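**Student:** All chains, please: the whole structure from these sequences, using the hints.
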Amino acid sequence: MSKDKPEVPYGTLDLLILRTLETMGSLHGYALARRIEQVSGESLQLSQGSIYPALIRLQQEGWIDCTWGVSETNRKVKFYALTESGRKQVPVEIANWEKATALVARFLGATS
Amino acid sequence: MTLHGLAARLAALLRKQKFDTELDDEISAHLELAERDALASGLSPREARIAARKQFGSIEGMKEEHRDRRSVRWLENAWRDAGYGLASLGRDPGFAAVVVGVLALGIGANVAMFGLLDAVMLKPLPFGRPDRIVRIWEAPRPGVTNSTTAPDFLDWRRMATSFEALAAESPISMALTGAGEPVRLDGRAVTAEFFRVFDAGIQLGRTFQPRDVEPGQEAVVVLSNATWQTVFGADPSIVNRNIQLDGQPYQVIGVLRPGAFDRSEETRFWKPLVLKPGQYKRGMHWLMVHGRLQPNVTPLQARDEMRRIALALRDVTPAHKHTWLVEVVPLQTLLLGESLRRTMYLMFGAVVLVLLIASANIANLLLGKGAARRKEMAIRTALGASRVRLAAQLLTETLVLAVLGGAAGLMLASALVNAAAPFLAEMLPYTAELAVDYRALAFAGALVSLVALTIGGLPAMQISTANLGSSLQQASRGSSGRHHRIRRLIVVTEVGLSLVLVCGACLLFRSLLNLQAVETGVRIENVVTMSLNLPSQAYPTPAAAAMFYESLRDRLKSIPGVSQAALSTHLPLRWIGNGEAIELPGREEPVNVRFKRVDAGYLNAFSIPLLAGRGISEQDRYGSSRVIVINEALAARLADIAGIRNPVGLRVGLYCPVYGDKRSATEQVEIVGVIRNERVAAPGVPHPPIVYVPLSQVASEGVKLIVRADIDSASVIAGVREALRDVDPHLPIGDIATMREVRERTLAGTSRPAWLIGIFAGIAALLAAIGLYGVISQTVNQRRREIGIRIALGARASDVLGHVLKDASKLVLIGLVIGAVGASAVTRLAKALLFGVSPLDPVAFVVACAAMAFLGILAGLIPAGRAARLDPVVTLREEG
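Protein sequences, first through last, are from chains P and W. Note that this note's numbering has the first sequence beginning at 17, numbered continuously upward. Note that this note's numbering has the second sequence beginning at -16, numbered continuously upward.
The set of hints was computed from the structure by calculation and includes no laboratory data. Bear in mind the structure is a predicted one, so any value in this text is a computation, not a measurement. Treat the hints with caution; some may be incorrect.
Unchecked claim - Pairs of lysine-lysine, BS3-like flavour, derived with a Cα cap of 27 angstroms:
{"id": "1", "chain 1": "W", "residue 1": "Lys46", "chain 2": "P", "residue 2": "Lys92"}
{"id": "2", "chain 1": "W", "residue 1": "Lys789", "chain 2": "W", "residue 2": "Lys352"}
{"id": "3", "chain 1": "W", "residue 1": "Lys304", "chain 2": "W", "residue 2": "Lys358"}
{"id": "4", "chain 1": "P", "residue 1": "Lys92", "chain 2": "W", "residue 2": "Lys(-1)"}
{"id": "5", "chain 1": "W", "residue 1": "Lys1", "chain 2": "P", "residue 2": "Lys92"}
{"id": "6", "chain 1": "P", "residue 1": "Lys92", "chain 2": "W", "residue 2": "Lys37"}
**Tutor:** Spelled out as structure tokens, the structure:
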């Protein structure tokens, strides 16, 4: 297992992927990884490979779907896009995240 | 994880290959794109490749995580281990075959036995709410039961509140004609409530209603499903058709659902029982009564109510019955019976022992195999496999073996049950349907898991406790002593357990020999028997019946090859269902007797010796002075209760059934002779008092034909059929059986378990021998070097042989001592099944020990012989 992973806060990669696909529509893996890096203003240390285990899980949950397409280098690659249930899942994930950060914020505020 | 996710993960298990290649493609496409971007930003091709790899992170780590994420990891491992297991079995097919075979024997025997137990004891009876059905008996003494009388039944039905329904029945036998060969069908005349009590379900038409038992309306029948299938070819238009029974038309009103009564030869059809005023006698016991209990009423409460009713009827009851009780017995209890229940437990115990021995054997084999694989395991540990992982792998391999063994066992069980069903039918209640069904399947599954978990743990434990590093160095030198000691212990246990079974089997077989030697009181060689039923329309009077008997017997005697012929109402060795009573002069209480009618040929045909007076002769015909012959047991009873020393010449009153009617009338008869007891029940049952009445003087519709042939009894059957056709072409013959078969049937309850347990014991002994062989073989293998040196130093072959055999004998001896102690504690459980043998019979024990010892030595002899033939040059070279 890779040891250089948690540069992305634990559990947030799913949300980042869902949110990116929501705004960008269909993307292949490399484009998705690059997009996440760009949006975070290159401040995020993302091991690009780590999006693939996240992608397979989201796929198994039925939130994203993939279709075969051709990459800029003319290779067959998978393009990922949100499914209907995935679209519904985005606000849920965002709400979860906000709940979690609010909790942490309150906790930090109370102890400082 | 959501359900959707779980389903997808399980699905991913099966598509591992596809996922892996797709992921590889994605990774390389990703790297290519990253490399292109890096090139575009001005890096050299080499730098670009490195940068792309760096940005991507650990590829192998990601793949691992990908697999973890998408699938159920432990399941995937188990799947792979099962594959390994199969592969490693494939490398050693001999080992696999032995393990699977041994398991199949153990599991197969158990599943078959479970099927038997399930059919007899566990499954509900094939009636609606069967726990509510009870039989109601009159009980002259505690433990003795009797049928009841028509007036008592009617009073019970009127007064009792414990029952939803009460039904009476009486056996009948009728000739079916007009559908090919005439056939005799046994059935029951029943009151209208019968099918409310025995809720067997209807396939076609209807069952009886109150209007069917009104006089004049009774010419209707209900058929069992088996009768409908076999006699009427499952004709769907049978309902409302007329069939000819005893020459009279009967309308078929219904056919039962398959199940309940199909295995019973005695209940093939039912017709209404209409009670006639002449049958209203409180001294004539001829009705069997069953009831369906009200909800919430227990059999005990019902019994108490019935006893209160009997008390209320005291004034109308004959004085000698004032001490009689009423018993209410659940049908299930009645069908199973105490002795069958014991037999079942005993046989199940035996078969569980077989499974234990089989499991011990497999544990032994696996331990041996594990020893051989220590090196492999040590290497794998050194390469980084965790012990838990290795243990899990071994457990999975055992599970694969157990599943294969279980599957083979299931097939074996199915074959066993099919083969044994006809063999066992005689000792089982008619409601028991033998089959290996889903319940047996579930039982087999449970057994497989149990066996896999218990014995699969052993080799796994070896892994996790042993110091694998040291075994890597020593593996080639042979194994440590510790687990070898375990294996020897297992063999000793196996020998001990088998001895218990073999002892049990020896006892049962000795008991069987005693049974065979029992003085049956009759000569049964070359005798064939058949049964007949006279339709009352063709033979309306006792005189007509008597004439028929005489002409039939004369005609039978003229058949070539027939030396003797006789007629009687009951065969020797079969219980006499008819109970009547005799009245002694000057004594109020009648003496209950069994009532058997025989013709003049009977005593001769079976060579039953006369003790006093004369037998029944051809002069005792219809209308001549009434006589009876009694058996020893009745003579003894007369002497006992009335001080009658010489009963010959005594005149007594005898209740005799009236021909063509369910009635009996008291007749004055003279006792003219006393004969030796003939056996009418299984050994162990005391001889009942019997009166033998001339058949011609008290005619019966149902009779048995008894023919003794000069040579082979089978050869005369055709002649008998022809003779019968000459006398009356419309009479069907039924129940053709040799006396040997009749005798076998009577003894079935004791001989069948003996054979089954004998087979189980044989299997157990064989398994123990295999186990011993395995252990001694391994010892010899491990000591090849030592033996080689001995031979090189001048030991003779016989020395080596003796040395190895001594080792084997030691194990056998210890096993035998333990087994003998165990057997002496356990065999008394079989006491109820033993006849004339003590549970600690020394002969049986000695024979069993000798047999086991012989088998043990034989198992040791093979590897010992191999050791003696070792070539020291070869062994020393290969080990050095």
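**Student:** A separate judgement is required for each hint: does it hold in the structure or not?
**Tutor:** Outcome of the hint check:
1. Of the supplied pair hints, the one linking Lys46(W) and Lys92(P) holds, its CA atoms being roughly 19 angstroms apart against a limit of 27 angstroms.
2. For the hint pairing Lys789(W) with Lys352(W), the CA-to-CA distance comes to about 25 angstroms; that is within 27 angstroms, so the pair holds.
3. Note on Lys304(W) and Lys358(W): the hinted pairing is violated, with a Cα-Cα distance of about 84 angstroms set against a maximum of 27 angstroms.
4. Restraint check for Lys92(P) and Lys(-1)(W): satisfied, since their Cα atoms lie roughly 20 angstroms apart, inside the 27 angstroms limit.
5. The straight-line distance between the Cα atoms of Lys1(W) and Lys92(P) is roughly 15 angstroms, inside the 27 angstroms bound, and the hint therefore holds.
6. Between Lys92(P) and Lys37(W) the CA atoms are separated by roughly 23 angstroms; this keeps the pair inside 27 angstroms, and the hint holds.
In summary, the structure is inconsistent with hint 3 from the numbered list given earlier, while agreeing with all the others.
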